[in-house]
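There are 6 protein chains.
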Amino acid sequence: MIDKLKVMGLLVRALEEDIGTGDITTNSCVPADAMADGAFFARDELVVAGTELLALIYDLQGGITSLEIHTPDGSRLQSGDKVASVRGRARTLLTCERVCLNFLQRLSGVATMAARYADAVKGTRTRILDTRKTTPGWRRLEKDAVRAGGGVNHRFSLGDGILVKDNHVAACGGVAEAVRRARARGSAMLKVEVEVVDLAGLDEAIAAGADIVLLDNMDDAALSEAVRRAKGRVLLEASGNMTQERLPRVAATGVDFVSMGAITHSARAVDISFELG
Amino acid sequence: MIDKLKVMGLLVRALEEDIGTGDITTNSCVPADAMADGAFFARDELVVAGTELLALIYDLQGGITSLEIHTPDGSRLQSGDKVASVRGRARTLLTCERVCLNFLQRLSGVATMAARYADAVKGTRTRILDTRKTTPGWRRLEKDAVRAGGGVNHRFSLGDGILVKDNHVAACGGVAEAVRRARARGSAMLKVEVEVVDLAGLDEAIAAGADIVLLDNMDDAALSEAVRRAKGRVLLEASGNMTQERLPRVAATGVDFVSMGAITHSARAVDISFELG
Amino acid sequence: MIDKLKVMGLLVRALEEDIGTGDITTNSCVPADAMADGAFFARDELVVAGTELLALIYDLQGGITSLEIHTPDGSRLQSGDKVASVRGRARTLLTCERVCLNFLQRLSGVATMAARYADAVKGTRTRILDTRKTTPGWRRLEKDAVRAGGGVNHRFSLGDGILVKDNHVAACGGVAEAVRRARARGSAMLKVEVEVVDLAGLDEAIAAGADIVLLDNMDDAALSEAVRRAKGRVLLEASGNMTQERLPRVAATGVDFVSMGAITHSARAVDISFELG
Amino acid sequence: MIDKLKVMGLLVRALEEDIGTGDITTNSCVPADAMADGAFFARDELVVAGTELLALIYDLQGGITSLEIHTPDGSRLQSGDKVASVRGRARTLLTCERVCLNFLQRLSGVATMAARYADAVKGTRTRILDTRKTTPGWRRLEKDAVRAGGGVNHRFSLGDGILVKDNHVAACGGVAEAVRRARARGSAMLKVEVEVVDLAGLDEAIAAGADIVLLDNMDDAALSEAVRRAKGRVLLEASGNMTQERLPRVAATGVDFVSMGAITHSARAVDISFELG
Amino acid sequence: MIDKLKVMGLLVRALEEDIGTGDITTNSCVPADAMADGAFFARDELVVAGTELLALIYDLQGGITSLEIHTPDGSRLQSGDKVASVRGRARTLLTCERVCLNFLQRLSGVATMAARYADAVKGTRTRILDTRKTTPGWRRLEKDAVRAGGGVNHRFSLGDGILVKDNHVAACGGVAEAVRRARARGSAMLKVEVEVVDLAGLDEAIAAGADIVLLDNMDDAALSEAVRRAKGRVLLEASGNMTQERLPRVAATGVDFVSMGAITHSARAVDISFELG
Amino acid sequence: MIDKLKVMGLLVRALEEDIGTGDITTNSCVPADAMADGAFFARDELVVAGTELLALIYDLQGGITSLEIHTPDGSRLQSGDKVASVRGRARTLLTCERVCLNFLQRLSGVATMAARYADAVKGTRTRILDTRKTTPGWRRLEKDAVRAGGGVNHRFSLGDGILVKDNHVAACGGVAEAVRRARARGSAMLKVEVEVVDLAGLDEAIAAGADIVLLDNMDDAALSEAVRRAKGRVLLEASGNMTQERLPRVAATGVDFVSMGAITHSARAVDISFELG
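Residue numbers (the numbering used here), protein chains in the order written: chain U, 1 to 277; chain W, 1001 to 1277; chain V, 2001 to 2277; chain D, 3001 to 3277; chain L, 4001 to 4277; chain P, 5001 to 5277.
Don't read these hints as lab results, they were simulated from the structure. Note that the Cβ used here is the ideal one computed from N, Cα and C, for glycine as well. Worth double-checking, as some hints may not be accurate.
Unchecked claim - Interface residues of chain L toward chain U, partial, derived using beta-carbon atoms under 10 Å:
{"no.": "1", "residue": "4019"}
{"no.": "2", "residue": "4020"}
{"no.": "3", "residue": "4021"}
{"no.": "4", "residue": "4022"}
Using the sequences and the accompanying hints, generate a full structural model.
Put into C-alpha cells, the structure is as follows:
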C-alpha cells in the first residue's frame, strides 16, 4: 500500500490544476445525479503501476460507489486487458479521467521500462537500480513504480545514504578522509558508497573502508577487472552509458548493480485508455 | 516571469523529498563556510527551459551570492553552451545540484520536443498545440516550456475552455443541445470547441454554433476536406496519430492547429550538466 | 455540487478563527454526550444560497448524525420557511452556529440581490453578469450564489478570459494591436473582450476583431445606438451607473449583458436564524 | 502593524483565485520590463482601512520599487484624497489592481460604517462594539477596521471570552450553574458575560456573579431601568434593533456598550479607485 | 473531545518525520494483509493523557478495524493497567507504535506531574495553574493534559488575557497607565492581571483596577500579608521557586492560584508500553 | 546551519499558538515605533542549543535590526554567560520572548543531558546514541541538539535504517529470513541491525549477516561476553536500564554504542532568561 500522507498533496495539486475553476463542459452537459460505469484498459504491452492512486483521486472528488482494481501494480498486461472498473457519478468519472490517466500512463511507463531492463539481466546476480533523477514531486511514486517493474531502489534521498563523489573528496583532501568524516557524523549506521572513475580509485575506496563502490563510465573490461579486484569486499555498482543492449554484457562482469537514470527521467507514457459505459 | 505563487509549493516539495533528513555526505565533507563557483552546461543540442526556477530553488536553500542566467528560456543551444553561472556556499551548490538538474533537463526536454514540432510546420498557418496530458503538478511549468519551444497553449484547465466530447454529446442527446447547455452556464464568454470523428460531425458542430472543431484521428484527405467545408467559419484543430514526419503534410491541409500529447507526456530529459570550480 | 477542494481551506480557516482556543462557554455548560436538534429558518423574503456548505462545516467539527436541506440553493423563501434540519451533538450545533450563519446569510444576500436584478430584466434578451469585485477568498462561493439568484457569471479569473482595457491599449499603441497580441499568446481558444467608452471605440473594437465589447458608463441612448451599429457581430456588455430602477430601460436597448459589481461587493447579509430544540 | 502570519494565507488565496492561470491580457499587451506609477484615490467621503495590506499584496506578486501610504488606517477622507502611491512593474500594478481594491473598498466600508455609529454616541460613556458576525476568513481584518473607525472589539473568538446564552442556561438548569461551570473550566481568568432578555434575567445574572450582561432586544425604557438596577456592579451591553437614528437615545440610557452586527455583516464597499500614470 | 482541526497538523508532521521514506523493516518482514492485536499498558503509577490521539494517528495511517480506550484521560493507573486495545493491520500497528508512545508518554508525564502538584494543595482554596512555558506546537495538548491531571489552565495565548509585566509598566510610565491602556484597546471584556514583586506593587495594582495580581518570587510570609491586604478585591496568583514540598505552605497563605512552569517544561515521559499479540 | 524548510512549519505554528489573536498587553502598552535592546543569558551551567532558531523566529515576526549569537550551539556555558544580543522593535522583542525561550530552554536541556552522558564515556570507544523517542514534531531539532552535546544520531526515521525486532522476526519465522527480506526490498544500500535479548540471539544475528546488533537489557557481564564473541564482525549497541552512573562500566565492556531514550524524552528545560534594556 502506498503511503497516503506523502502522495495526497500531489493529488490535490493535480486535481486543482486540472479542474481549475470547474469542469464547465461536464457540469453543463451532464446532470448532477447521472450515474455511469467506466473502465481503464491497457492499449499496449505494458507493466502497470499507479493503480492504488485511483481510489485516492476519486475519493478527493467524491461520488464513486465502487472501484475494483483487476491488475495490481507490477502485472504484465497485453493490449485490451482491463486494469480497473469504476462506478459512480458520471460527472466525477469525466472530470477525473485525465488526471487518472496522466498518473497511470506515466507510472506504468516507468514500470515498463524498469521491467525491460530487469529482464535483460535476468538470471544473473546483477540487479537494476534507479537513481535520484526522478520527476520532482514524484520521487516516491516513481520509486514504487521501479519496484513494480522489477527494479531495486537506490537512495530515496540525500538523508538515507552516503555517496562520496569527487567534489566531496576534493573538499576533504582525499577519499580516506572523506569516508572518515562521513562516518563520524552519526552515520556509523549507514553504509558508505564512494564514486570512482578507474581501478586505482577502486583500490583507494576499498582501503578507505567503503561499503559500496560506484564505478562510473567504465567499459566492460574494466568492470570485470573491478569485480576481480574487489573480491567481494565491497558491493559494486556500475553506471554510465548503459543501454538495454549492453546490459547482458555488463551483468556478465559480475557487478552487483547497474543504475540507470533513464528509467525515471526518460520513460515515455504508455497507452492506457478510459472508456465509459 | 513565472508565477512564483504557483510553483513554490512544488519546489519546496522537490527539495524536501530529495534532501530528506539532510545531505549527510555534503554536510560531513564540506565545511559550512566554504564558497564555490558552479555552472550549468548544455551537453546536447537543445532548447532550454526552466531557468527561472534556479533562483527560486537556491533561494529556498539559501547561501547563494550571485546567479546569472546566460541563456533565457527558449534559447537554442549547442553542446557546451553555458546556461547559467552561480556562486555561493559550496554546500548549497552540491545539495541543490540534482533538483536543479531534474527541473532543467525535463523542462528543456519539453521545449526541445515542442521546437522540433514547431519547426516542422514553420511557414504554414498551422500551429502546434499542447494538451492536458501534462505531468500532474507540472501543468504550468510544462505549458511555459511548450511556449519556450515555439508551441501554443491549449486550455490550462477544465475551467477556462469548453470542449464537448462524445460522452457530453451522449448525455445531452445531441451536439446542438450540448453546445446550447455549455453556453448557458455563464459561458457566453468562452469559445466552444466540439470534438468530432468525421465530416458529418463537423457539419453538425458548425450548425450547432461551435467556435472550434477538434478533428480526431482523421487522415490527411479528410482534414483537407474539413478545411474546405469549414470555409473559415470555425477554427480547426487536428489530433491523433501525429508524428514529426507527418506534420508537414498535415499543415498542408490548412488546419489551424495540431495538438500533440507527446510534447508533454513523452518528452525525454535532455542532457544538461552542473560543474563546480 | 460545490467543489470541495476549493472551499475546504476557507471553511477550516473560518472555524479556526471563530473557535480560537476552544468554545469555553459551550464546553463548560453542555455535556459532551448531549444530543440536540436544530433548524435554520428564513426570517425575511430571500433567495437562499450556501446550503451545501453546512454538511462540510459540520463534518469538519464532527458529531452530526443527520442533516437535511429542505430548500436547495436558488429557492425563493418567505419568512418562516425552514432551510435545513440538523441533529447531532449539542456542542457541535452551538459551536458551529455562528460560522454556519455567517456563510448562509452572506451568500443568500448575494443570491437575493442577484435575483432582484435578474427579475428586473426578465423577459428580455439581457442577462445580469457579475464581476471580479468579489470578497477576496470567496470568488467561487459568490459566483455560485450569483447563479443561484439567476445571474450569469463573467470571468472567474484573469486566466480564463481576455478583457482589454485602456491601459492595455495604451501599452500596445492601439486597440487593434492589443487584440492581436492577446490572441497571439496561445489564446486563439479564448474570446477577446474590449472595453470602450464611446461609439467610436465600439467601431474600432469591432474592426479589431473583438468578440465582446464592454460599453462603460454610456447612457441609454448611446447603448441603443451601440446595439444598432454592432448588428450582432459582437456581444455587448453594459456597465456603470446601473441601478435596479434603470435596468428595464437598459434591457430595452437590446444589450446582451449588464454587469453589476454591487451584487457581490455590496450585498447585505439577509436574516436567517438557527433554532435549537 | 497587522499580523502578517494571520493574513498571508488569505492574501495568497485572493491572488490565486483572481489571477488563475495567469493574467493573459496584461502579459500579452504589456512588456515585462515596462515600469509605471499608480495611485489609489478616495471617490467618496470615507474612513480608510486596509492600507497595510497593499505592501503585502505587492510583495507576493513582486516587482514594486516604491510604495507610500499617504493616509493611514482610520484617516477620514474626502473624495479625491490620495490614499497611496506606488511605482513598479506595470504588469504587477495591473494584475494586482482588482485584489487591492477589493480589500481596500470592503475594509474601508467597515471602518466608515463603524465611524458613523461611533460618531452617533460621541461624548457619552457608550461605546460601539462589533460582533462575531464577520466575513468568514476576515475576522481579524474586519476587527482591525472596526477599531480604525472608532469602534471597540468584542470577542475575537469563542476561546477568549465567555458568553452564556439561553441554550447554555438550559443545558445547565439555570444561570447560576452556567456561570459556575464556565468559571470552573480554567477560566477564572476570563470575564463572564450573560445574555438576558428582561430585567428579571438581569437580576439573576448579577446574583450569579456575571461580569458583563448582554441586554438583548430591550427598549430604551428597559435599558434605562437596567442601568439603574445594575448600579455599576456589571458592565452592560445592549444589542438588537439598533439603528443609527436610535443610537443617541440608547447612549442616553447609560449602557456601557452597544453591539451591532451590521458593521461587519452589511457594510457596503466604498468607492476607491486606482489610476495609472 | 479534543479539537481535531488544531491537532491534525502536528500528527501528520509526527508521522511524516518518523516514517520518513517508509518503514522498510516492517514493510519487508510483515505481509501487507497480516492482522494483529495490540495493547498499551501503564508500566508505572501515572495519570494518563493523550488517549484520544490514538484514533487520529491510526486513522491517518489506515488499516485499523477496532480501537478501545479503557482508561480515559485523567484516569489514575497502576503499573500493568491496560490503557487501550487495538486491532488492525500488523504493519500499521508496528509502524505507528513509536509515534503513539511518544505522545502518550509525554502527555501522561504532564498529567502525572500536574496531579502530583494538585494533590499537594487538595482541600485548600488554592488551585494549580499552568503557564505558557509549553512545548512549542503542543500548547493545546499540554493544556488538556494539565486539566486531566487536576490543574487549571492559565491563558492559552497572548490574545486571550492581559498580563502587565514590568516592561509594559516601564513603557507606560506606571501601573495605572498600563492598566488603562490595556483596557482601552477593546478589552473591557478581558480581566487585567498585573505582575508585582512586592507588597507596594500589590497596592498599586489594586489601586489601578487590576482584576488579578501575580505575586512573583515572594516568600510565604509576604504571600500571607498579600492575601490579608487584598481583602478579596483581586485574585492572587503566586509563582516562582515553587516545589512540591513547599506547596502546602503556599496554599496555607490563602492565595487563589499557584502557577508552575515545570508542569509543562520539565515533565518527564512516564513509562507506557505497547505489546503485540 | 539548520534546514529552514523543515523547521519553519513548527516555528509558524509556535508563534501562532502563542500569539493567538494578538499580544493585547504589549500592543496596548508599547508604542509601535519604540525600539529596544535585549539579551539572552544562561542562568545555569549548561550546553546551549537552538540558537539558530532565534533569527528565524524574529524574522517571521519582523522588526529586528540586529541579532548576534555569542555562543554557538554546543558551547558549554556558566550561569551569567550571554547567549545572544538582539535589537529591534520593542513589541517584537516582548511578543517573541516566550517562544524564543521555550525553544532555547528545551533544546539546551537536551544538549546538556547529552553532554553529561557523553562525558561519562569520554576516552573510551563507546559513543552515546539517541533514539526515536523524541518529541513529535521536533525530531530534527532534538537530533541536532544531541550532536551539539556530543552524542551521535541513530536513525532519523524508519526509512533510513533497518532494525529487525522480535515482532519482525516472529512475522518472518526467524532472524535469518527477516534479515534476508529486509535486504531484498532495495536495501542492499542500508545496514541491517537486529535486536537480541541474549547471547544466543547475538550468534544467530551474526550468522544471519547483521551489520549491527542491538543488545537489549543485558547486564555488564553479558555485554562483555557479547563483545568477545562478536570479534568485531558487527557493531554492538547496548540499551536498557542505562544511568549516568552505570555508563563508565558499560563503556568498559567495549560496546560501540549506548543508546538512551531519556536524552530526548526526559530532558528538563534548563534556565535561560531574556532581559530587556
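Item to complete: If any of the earlier hints don't hold here, list their numbers in rising order.
Response: Nothing - there is no hint that the structure violates, so all of them hold.
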